[in-house]
Amino acid sequence: MYNFTFHRPTTVRQAAGLLARNPDGKLLAGGHSLLPVMKQRLAQPSALVDLSLVEGMTGVELKGRSVVIGAMTRHADVAKSDVLKEVMPGLAAVPGSVGDPQVRNRGTIGGSIANNDPNADYPAACLGLGATIITNKRRIAADDFFQGMYTTALEDGEIIVKVSFPIAKKAAYEKFKHPASGFALVGVFVSKRGSDIRVAVTGAGSEGVFRVPTFEEALKKRFTAKSIEGMTIPATGMNSDIHASPEYRAHLVSVLTKRALNKANA
Amino acid sequence: MSANGIGAPVRRKEDFRFITGQGQYTDDVVRPGETRAVFVRSPHAHAKIKSIDVSAARTMPGVIDVLTGAQLAGDKIGNLICGWMIHSKDGSPMKMSAHPALAAGKVNCVGDAVAVVIAESQAQGRDAAEKVKVDYEVLPAVVDPAKAQAKGAPQIHPDIPNNTIYQWHLGDQAAVKAAFDAASHVTTLDIINNRLVPNAMEPRAALAEYDAGTDNLTLWNTSQNPHVARLVISAFVGITPEHKLRVIAPDVGGGFGSKIFIYPEEVVCLWAARKVKRPVKWTADRSEAFLTDAHGRDHVTRAELALDASGKILALRAKTIANLGAYMSTFSSSVPTYLYATLLSGQYAIPSIYCEVDAVYTNTAPVDAYRGAGRPEATFVVERLIEVAARQMDLEPPELRRRNFIKNFPHQTPVIMAYDAGDYNASMKKAMEIADVKGFAKRKREAARNGKLRGLGYSTYIEACGIAPSQAVGSLGAGVGLWESAEVRVNPTGSVEILTGSHSHGQGHETTFAQLVSERLGIPFDSVSIVHGDTDKVQFGMGTYGSRSGAVGMSAIVKALDKIEAKAKKVAAFMMEAAEGDIEFKDGKFTVAGTDKSAAFGDVALNAYIAHKFTGAELEPGLKETSFYDPTNFTFPAGCHICELDIDIETGKVDIVNWTAVDDFGTVINPMIVEGQVHGGIAQGVGQALMEGAVYDQAGQLVTGSFMDYSMPHAHDLPSFHVGTTETKAPSNPLGMKGCGEAGAIASPAAVINAITDAIGSEDIAMPATANAVWSALQRAKAPKAA
Amino acid sequence: MATVSMTVNGKAVTGDVEPRTLLVQFLRENLRLTGTHVGCDTSQCGACVIHLDGIAAKACTTLALQCEGASITTIEGLAEPDGKLHPMQEAFREHHGLQCGYCTPGMIMSALDIVRRNGNNLDEHTIRDQLDGNICRCTGYHNIVKAIEAGAKAMAK
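Protein chains in written order, with the numbering used here: chain A, 1 to 266; chain B, 1 to 787; chain C, 1 to 157.
If you're looking for bench data, these hints aren't it; they were derived computationally from the structure. Note that this is a predicted model, so its numbers are computed, not measured. Don't take every hint at face value.
Sample of chain B residues facing chain C (criterion: CB under 8 Å; computed from the structure) [unchecked claim]:
| # | residue |
| --- | --- |
| 1 | 87 |
| 2 | 506 |
| 3 | 672 |
| 4 | 715 |
Note that the Cβ used here is the ideal one computed from N, Cα and C, for glycine as well.
Sequences are here, hints too, so could you generate the full structure?
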């Protein structure tokens, strides 16, 4: 790791101030994406602003017809939240599938979303539920937030404070785990909230998380696996690497969507 | 059987320190004034070094020195060597390139070290290493062994044409051809034995200390054989004379072969420690380990089996290209030759075998022995061939095996080995019972109802362990003897220290060796200590690899214990004023035949040292004996593994639902430890079959360079295993032991692939059979065949 | 350099570290608690698992400065002061849940976290699933699974 200065603010305002004074600085949430990259010397932030002592950034709360999760809430805490398991177990399953238990003990929803790793699980849930990302400056719809791999709508000095998920009656996540990294080789989040039907895919696309309009359209008639039987998505634009071909990833998108639908309807 | 004797599942002595965090691995050793070495490594697979500028690095904080390959050469530090001479079929010796510990003119693989920074801390060393400016002229690279010999392929070592190290063969080519010409059935397979990264959990490390007062050097390193390391580093690399170098391999966190070899980093740490006059430590991080540890396997093979109409095997033929990487590692040449082709007879009576092996250089990390070393490659060839032949001939795979099993011993194969004992049908029969093969058809139907394809695969493997005798291996090209030493020191109080040349890095020698001694001398298990891994304590030894520590290392202890008993009887005779011939020794007691006189082992030990009952002219005081034991033959562990698995038709994901292993290891000292060795071997073999594969891109970059990309089995990738044994004693050593460390890794890849191909009804799948690969194979099998 | 203070195995400790110092370096190099190991550099292998305020964490992916004021337990802190082993340590020995010993401290610390999260009655599937963050290259996991199942039960006594 290159050296850096280390800061531990206790308010969002202080954190924003520190970022403003350290333009090459980075926020440190759970650290499980950032620190490994820094250890490999692939990132060289001049300062780390640790958010762990900032008040009011953790917890899972029911607010009207939404579930609001503090950005610094760790995956393990989201996964075991009774509130969430009650109203939307399909979302609770997402942090429960991230990485491994120790990663879930430390990693946070805010960190995961801000990083927008193309194989991360939470981006699929955000896009698949039409979540709203709430920062210290504004509210950003998930459809506008994720802008390609490792790229988001976040501006300099902007800090994710919370994420608000509308409660969908039917929602489920199905993931094909990468055997080495634990990330999603392909992950599909499906949801139905009234007439809003979403199918969001992570891991497969070369530009990061994306929706599948053809599937969503077909599911409008009936939200069941049968409705997309025989449907495929093109392999163009799928990731290609030693772990999976574009064709296989495209195929998995169909398979996992159907499995997620079965789960959501169970 | 006593509670702690031979055959008892004694809990391990070594565990206390490991479960309490008190193990002492190399990186845990700290010496006063210690510095850290950080290597500057080539980012290119193949390049000329035009210049190296270390001036900026030298001025960085905490930097003590920056050393380059030119300085190493200037100091006349010699090359690393491969210690097994192979001759090509034309009689010419293998072509070994220079392998300096720091590259000077040219780099030949990514990770080749070109300079080293010695700094106060590792972080400072890394900061400085980035400031070393190396000007490279990048050259085209070749990574695929099948392309290394092609016309126009990049030439890696200027003096070695076509990147060809040797073109070796074994067997009777004409007889094999005649048999194939007469055969009624021929099975042909193209096989790639995938390249693996051993990945012992403890990364390699070295700590070198120089004592200017005595001019002595000490090296702590992660070694499976510290004496061989000392020999090579002194005699060939020329760091310092052998008697001025002490090598200590303390607790070592797994090896699997990768820690047998002598590596550049330990040479450089020793050289640098003398230069900077402070201890120098290097500990690999995992990324560095991926690039620099010797990899395993990497064969491209065409294999053919000839059978008559009744299913009797007539001949086997194999042509293999073996990738040895950028340099020849310490024992690399032996792996695809004498550890491979000699096992191509498997468990079968095969009249003629012919094998050709071309070993080639590529711009990749060196390849050498990895758990099984040559024998997994051979087993995969033989066991895939016989399974496919059975299917093609419409025979049950066990039936074809049964028809060809060797039943009479000794059996001379056409490829050097003389099998001395075994009962191959017994282990297959027992395995089939445990695996409930009879119920398989029903289970397959049930699986199908759940959208799963179920398959069953066999592997009836044989291996050769305890490579020996020395004279024989010497005649095959080995540069060393493959005996083992043991020294038994009986203390005046009757406790015993065993100094062994074997090295334990997970095998539990402190326990099993003590079990042997406790039973043999009739003394408490806790009165025995095992000393290993230090060249200042143990005079010489050959280390631990090739499943040799039981059959060879323990046999040496037996021989030394025989001498102890003989000497102790003399002492007892003086003590009890009896004739030496009348002294009997049993259960830790010396008695005089026909009398009630007796002396406990401890009393005799004390008398040996106080020496009051005899004169120096009559008997030397003391009780300490040494043996160098050289076996009369290899040992031949064998057995049957059966893999039952499910394939998710939609995703191609393989789920192993049942694993049965029945092995014949001869005498088992500690069944708990032996089972553990089998479990671990199976896991690595399943890893090879389903998950693992080192992949280089065409530019020579290692794509699978971390645990993020190189898949290895996790707990949820494996089932619990059903492990059983059968027993035929090895006649070549006093304990009848055969060796168990590698069996699982040797047997299992073929069992997995045989099960997958059984499930999908197609032989068209390569290792690793990832979900994607299996799914693709299913698509190909479904697709209409092109006209 | 910055000063960091925390409680390690029940003892208050303080040290001067660079901000880039990882917790595992602080434990191994400053405190000489070398039972916590480093087996990878990508947070996969779990050899470095310790408990941070009672919860399993990878010490290779945690900065020492992030642990200011925290309570850390390492493998060295599990046995009782009189040397009596923790039931989970005992179970690993009894069931031969280790060979080379390198992954073992992380395995034991992770096993305790599995018990914390899932209770004392663990089935094989749960154990295997929850060991996802730990790699062992020696045992094939067979005996580790048995050890954790037995250790978890013994802890309830």
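Okay, the hints, checked on the actual structure:
For the restraint placing residue 87(B) at the interface with chain C, the shortest Cβ-Cβ distance is roughly 36 Å, beyond the 8 Å limit, so the hint is violated. Below 8 Å, beta-carbon pairs count as interface contacts, and residue 506(B) has one with chain C at about 3 Å; its hint therefore holds. For residue 672(B), the interface hint holds, since its Cβ comes within 8 Å of a Cβ in chain C; the closest pair sits about 5 Å apart. The closest approach between the C-beta of residue 715(B) and any C-beta of chain C is roughly 4 Å, which is under the 8 Å cut-off, so the hint is satisfied.
The earlier numbered hint that this structure contradicts is number 1, and it is the only one.
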